[in-house]
Amino acid sequence: MVEEIGKTVEGDLIINVGPQHPATHGVLHLVLTLNGETIKKVEPHLGYIHRSIEKMCESLSYRQFIYSTSRMDYLSAHINNHACALCVEKGLGIEVPARAQVIRVLMDELTRIASHELWWGAMAMDLGAFTPFFHAFRERETINDIMEETCGARLTMNYNVPGGVMADLHPNFQERVKNFLKLYKLKIHEYDELVTGNIIFQNRMKGVGYLSKEDAISYGVTGPAARGSGVSSDIRKLYPYEIYKQLEFDEILETEGDSFARYMVRLREMNESIKIIEQLIDNIPDGDFQAKTKAVLKLPKGEFYQRVETARGELGVYIVSEGGTTPYRIKFRSPGFSNLSALDHMARGGKIGDLVATMGTLDLVIPDIDR
Amino acid sequence: MFSLESITTIVQNWLTKTFSPNLALFFEFVIVGVLAIALFAALGLVLVLMERKVAAWIQIRLGPNRVGPKGILQSLADTVKLIMKEGLTPDGSDKFLFNLAPFIVMMVAMLALAPIGFSKGFHIWDINIGVLYVSAISSVSVIGILMAGWASNNKYSLLGAMRSGAQMVSYELSVGLCILSIIVLTGSLSLNDIVLSQQNGWWLFKGHIPAIISFVIFIIAVTAETNRAPFDLSEAESELTAGFHTEYSGMKFALFFLAEYINIFIVCAIGATLFLGGWMPFHLGTWEGFNHIMDYIPSFIWFFGKTFFLIFVIMWFRWTFPRLRVDQLLNLEWKYLLPISMVNLVIMTLVAIQGWHF
Chain S
1 MVEEIGKTVE GDLIINVGPQ HPATHGVLHL VLTLNGETIK KVEPHLGYIH
51 RSIEKMCESL SYRQFIYSTS RMDYLSAHIN NHACALCVEK GLGIEVPARA
101 QVIRVLMDEL TRIASHELWW GAMAMDLGAF TPFFHAFRER ETINDIMEET
151 CGARLTMNYN VPGGVMADLH PNFQERVKNF LKLYKLKIHE YDELVTGNII
201 FQNRMKGVGY LSKEDAISYG VTGPAARGSG VSSDIRKLYP YEIYKQLEFD
251 EILETEGDSF ARYMVRLREM NESIKIIEQL IDNIPDGDFQ AKTKAVLKLP
301 KGEFYQRVET ARGELGVYIV SEGGTTPYRI KFRSPGFSNL SALDHMARGG
351 KIGDLVATMG TLDLVIPDID R
Chain W
1 MFSLESITTI VQNWLTKTFS PNLALFFEFV IVGVLAIALF AALGLVLVLM
51 ERKVAAWIQI RLGPNRVGPK GILQSLADTV KLIMKEGLTP DGSDKFLFNL
101 APFIVMMVAM LALAPIGFSK GFHIWDINIG VLYVSAISSV SVIGILMAGW
151 ASNNKYSLLG AMRSGAQMVS YELSVGLCIL SIIVLTGSLS LNDIVLSQQN
201 GWWLFKGHIP AIISFVIFII AVTAETNRAP FDLSEAESEL TAGFHTEYSG
251 MKFALFFLAE YINIFIVCAI GATLFLGGWM PFHLGTWEGF NHIMDYIPSF
301 IWFFGKTFFL IFVIMWFRWT FPRLRVDQLL NLEWKYLLPI SMVNLVIMTL
351 VAIQGWHF
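Protein chains in written order, with the numbering used here: chain S, 1 to 371; chain W, 1 to 358.
Source of the hints: derived by calculation from the structure; they are not laboratory data.
Don't take each hint at face value.
Claimed, not checked - Derived lysine to aspartate or glutamate pairs resembling EDC-like cross-links, with alpha carbons at most 20 angstroms apart: (1) W:K155 - S:E322; (2) S:K351 - W:D327; (3) S:K206 - W:D327; (4) S:K90 - S:E322; (5) S:K351 - W:E86; (6) W:K155 - S:E278; (7) W:K155 - S:E37; (8) S:K182 - S:E278.
To be verified - On the chain W side, residues computed to face chain S include the following (Cβ under 8 angstroms): (9) I58; (10) Q59; (11) I60; (12) A229; (13) P230; (14) D232; (15) T241; (16) W316; (17) R323; (18) V326; (19) Q328.
C-beta atoms are modelled at their ideal positions from N, C-alpha and C, and glycine is treated no differently.
Next comes chain W alone, as it looks inside the complex (with noise of 0.2 angstroms):
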């Protein structure tokens, strides 16, 4: 059976043999980071491409099918054109902290990629507090947000970074609770071990009525966490131009977008994980020939099924639903959902602890 864990041994086999131990971490590190890099560069050419198609199926048309086959060379095309552009700085601008904001923002993003296990035994970091790690990383990016919408010295920029600072801030709250639910399960904040936990059957089937709940009440804080549509209340397009990043252009304005995608991306691969077993793959109770041939597909495409899965999920939302106004979006989190979840919670830890679940 191919695994990618083969591959990540063999190598760390030999780079310490070869070198010395100080030197093969060293190499360690920057085979990681490239691998990290290159990653990201793939992610955000085919989620952005993704969301064209998607769009374009919803919208009874073609999407992008110039550049290259079928159009697949589009986001290619479109980044060296960002690439190309002239990245402006606004004369009323402060000047440091407008260019620092997308960097900001992209680190987040890239930070919080640590601990994700991408496939069996093949994650950067398995540290034993992953998803506290995660969640904590990933607040920080509303300071990127808000940074860049006071720095543009642009009324519809701070209009949108206060808005997104007031959501992001409140769904973050439903997210933490919803990742809590599941962690009363497991009893462990490390991703592996949440992947583990999930061995004879996904979290969502086992745990319940309230692993359902949490489920969909993690899709909408996120999808409102992120910033998309029909949260997408600091960028909307028809009230306030472009938000946050009206005055970000060229690369800038890429960085912004590119982290839009990555974060979609966490948040889809952390639900995966949490809720339906990450790279585990599918298992029908004791039925062994359907479970034997589940596990001869790799896991890493398990994992990114359920992702891309996620992925597509919120993407339908973008494209389907209007947008909420911004006191609606803050009703729903704290008159509805927070309560919801608060309560989920509790039934959750009741039925860990009497051992209600699968």
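With the rest of the complex left out, here is chain S (with noise of 0.2 angstroms):
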């Protein structure tokens, strides 16, 4: 059996999965090789929704090509242009005022647990249980909401600007933050009455879609689902950006490598954020919200680099730059393209189940994949 696996014999059952299907959550298509229930091999083919978003950044001024990462991971929308502004600021030596970078982190934070939330739902959907999908979406409408009206936008907010964010806090935001933070906390037990404590869902991701310390770096696996295997990936503590040297929290390390310790990985991420939004939201230091910065913004040339931690996992901006007033290049490091590509590795051997399931615990999403 075990030399069978990964080559394609006469009998085996080949079968397309996507691009529209409802576990892929977008375009992906992935090409599965069977042999009757087991995973013999999964190849992904991508490409279905690629907007070549890093060529046309090439076109557009540092101020405008920010606002088209938020089309990458639309999940985690504010983190994309955070790293964008970043980078931009890197090269041109803006310092951003302390407002800025408080808002910013707070908006980095509620995202991330707006795209948890959302993740949440929609893994418990992928293993058969709808009901979660709505009572995480109960939370992330509030999250939206507080969105919604401070940057004008609920998914894709472009509130980064280089030098800070577009506008000012709208005034009842803190007051609609800590009511989130009220409503999360009633509701949190509800996630591991409905799902986590479930013994069929234990069972369903519990030793299932194993990936090992040596294999996630292998793979370049960043994010929650290096952290359910052990490694230290969390961006926020190696590299810190911003404010976050300053902010107590820590890095949620499981070690089993399974589909289970990646869904503690995010829940407890979750609670993590809370704490962070918990210490800003009543220190949000008074002042500018933004930089002065020139109206026409002309990165010196060179290259610059930075990356941030996104929902999903590493993200990095690379830009290079000749002088003038659009980048000369523009790559993005995804989290999702390094992921998916543990897929292979980590179904082999497993049920289709399975497959649904270790895909839901690796996150992915489509468009962050091709961009």
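Two chains, two separate frames, one set of hints: put the complex together.
Here's what the structure looks like:
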């Protein structure tokens, strides 16, 4: 059996999961080679939603290109924008006001919670439980409302500009965030009761989609997926940006490396984000929300790289500048792409149901993979 | 006291008086057929709406509330839409089997309805092997599902059908053993006799712990046998898109859909008959006053009340639990439910022989 895995022989069932399939959450195309129900090979085919964002960015100014990155990983749009803004600020040497830094971090963490909430609901739905989706959305909607009030948009916020944020916080912001914290603490036990403690759920997740620490490193897996295998990879801790150095929070590590470990990492990470928000929400410094910048931004000649921790892992922004008003070349190192590359390794030898559970805990966002 | 039996007696007396015996029998067949189809349509509409409302209630939302008052006409609108839709037959499919499959599934569901006693003296066919008949008939539906999966010429359908075949055949064993454990108590296979034997208390309460165990196993096993979540592997949406009915559309899909709900109704009706006394009212020992009040509630209300309670439980399962994996599903049956129900049957037989039950 073991030597058969990975080889296609006569009698194997080859099945196309996607590009339109409920479990791929987007236009991902997986070619499965099956022996009965057992998976022998998973071959991801990409490119169905490729919009060449990196190429488009080359013809946009340093103020404009930030907004196209909202459409990469649309669930952590604010964090994508944040990475780009940081990279441009690094190139220009702009000092971001303290208030703007706090606002950015607050929004980052709210985005992270919103993203994890959606992941939790969608993953439970992959496993056949429909109800958690609605419970997750109850809390997620509150975050979206907060975003809408301050940023003017619910999903693709476009709130970051080089040098700070676009507008000041809405007067209701603090009150609404506190209401959200209250709601979250009131309801978070339901998550455990409904899904985490369920015996069927645990049987589906434990020991499924195993990824060892060594494999996680060699595949370049980052984010909660890597931390589930015990790889310390939180950019907020390893390469702190903005004010993360001054904040108290833990990097969540689980060592089992299975789907349940990845699940627990995300669930516990939400609590860490709540901790960060609680530290900041009453301590937003006064001052400007945006540094004074020139009308036309020109990065000096050179190469600039900035990485941040999105909800899915490490996002790297790499800008090559020739000194002009537009970047010469831009490359994004997106977390989803690397995480997807480990899928074949993790799913081999499992059942179709295991593939769905593994894919769910990798938390793939397809526009992030294809860009 | 109002009873459906009086109506049937009046109709039968009138028919036999007015027509020749053969013609009267023919008219009785026609009336029964029309009533059965009407019950089908009504059950389909009510159960689909009920499922959506139960789901909405569990999922903190409103559910259908636009068509008609409180959305009660929603399933009617859905039916109209499904009838208007084109029933596609894919090119590569085996056209005869593809079109035959939904009717087999539907017909099986219809046939299994026959021996169920809806009310006192109100059943289509009081056959003396009623329970055996229902279990025999309901195992035919797996053929329809396998046929649908095979004829669709779709790999998802095939996988779904194979899963369904393995699942329904295995879980039938547990269902059968649970039914048997009640039959050793009553000593009769007729559903009517089983109901009458519960005159002084339902088997769930009279049969000690073995009866409760077999009731729990029965509920789990019938959930699996009707392909309902958490055992809905044959149509697992996130794995096999829609499983064995991926290629079906329009009314042919609706027949599968309807058959699923009718099957739920049938298994819950059987469960209510075996364990909860069917149309028998709830009696509390020798407390005459209470028993009299209970007797005044018409027996068909008792029957439908119990059945719909069990249906609600099964719907509750669906909207709460995640789905099992295919190997876990078979492990659950062969390693746990089947041995437990076998031992349980032996204990129940001992109880019945020794007369330890109430």
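Checked hints:
Restraint check for W:K155 and S:E322: the C-alpha separation of about 53 angstroms exceeds 20 angstroms, so the hint is violated. Distance check on the hinted pair: S:K351 and W:D327 sit about 9 angstroms apart at the alpha-carbon level, within 20 angstroms; holds. For the hint pairing S:K206 with W:D327, the CA-to-CA distance comes to about 14 angstroms; that is within 20 angstroms, so the pair holds. Proposed proximity of S:K90 and S:E322 is supported: the alpha carbons are some 15 angstroms apart, at most 20 angstroms.
With a C-alpha separation of about 35 angstroms, the suggested pair S:K351 and W:E86 falls outside the 20 angstroms cut-off, and the hint is violated. Our distance criterion of 20 angstroms between C-alpha atoms is broken by W:K155 and S:E278, whose separation comes to about 51 angstroms. About 12 angstroms separates the Cα atoms of W:K155 and S:E37, which keeps this hinted pair within 20 angstroms; it holds. With a C-alpha separation of about 11 angstroms, the suggested pair S:K182 and S:E278 falls inside the 20 angstroms cut-off, and the hint holds.
For W:I58, the suggested interface contact is upheld, since its CB lies about 6 angstroms from the closest CB of chain S, less than 8 angstroms. The beta carbon of W:Q59 is positioned within 8 angstroms of a beta carbon in chain S (closest approach about 4 angstroms), and the interface hint is therefore held. At a threshold of 8 angstroms, the smallest CB-CB gap from W:I60 to chain S is about 6 angstroms, leaving the interface hint in force. Interface hint status for W:A229: upheld, as the beta-carbon distance to the closest one in chain S is roughly 6 angstroms, under 8 angstroms.
With 8 angstroms as the threshold, the beta carbon of W:P230 comes within range of chain S, its nearest partner Cβ sitting at about 6 angstroms, so the hint holds. Among the interface hints, the one on W:D232 holds; its C-beta lies about 7 angstroms from the nearest C-beta in chain S, closer than the 8 angstroms criterion. Hint status for W:T241: holds, given a least beta-carbon distance of 6 angstroms to chain S, under 8 angstroms. With 8 angstroms as the threshold, the beta carbon of W:W316 stays out of range of chain S, its nearest partner Cβ sitting at about 10 angstroms, so the hint is violated.
With a least beta-carbon distance of about 3 angstroms to chain S, the hint placing W:R323 at the interface is held under the 8 angstroms criterion. Against a cut-off of 8 angstroms between C-beta atoms, the interface hint on W:V326 holds, since the closest Cβ of chain S lies about 6 angstroms away. A hinted interface residue such as W:Q328 counts as satisfied when its beta carbon comes closer than 8 angstroms to some beta carbon of chain S; here the least separation is about 6 angstroms, so the hint holds.
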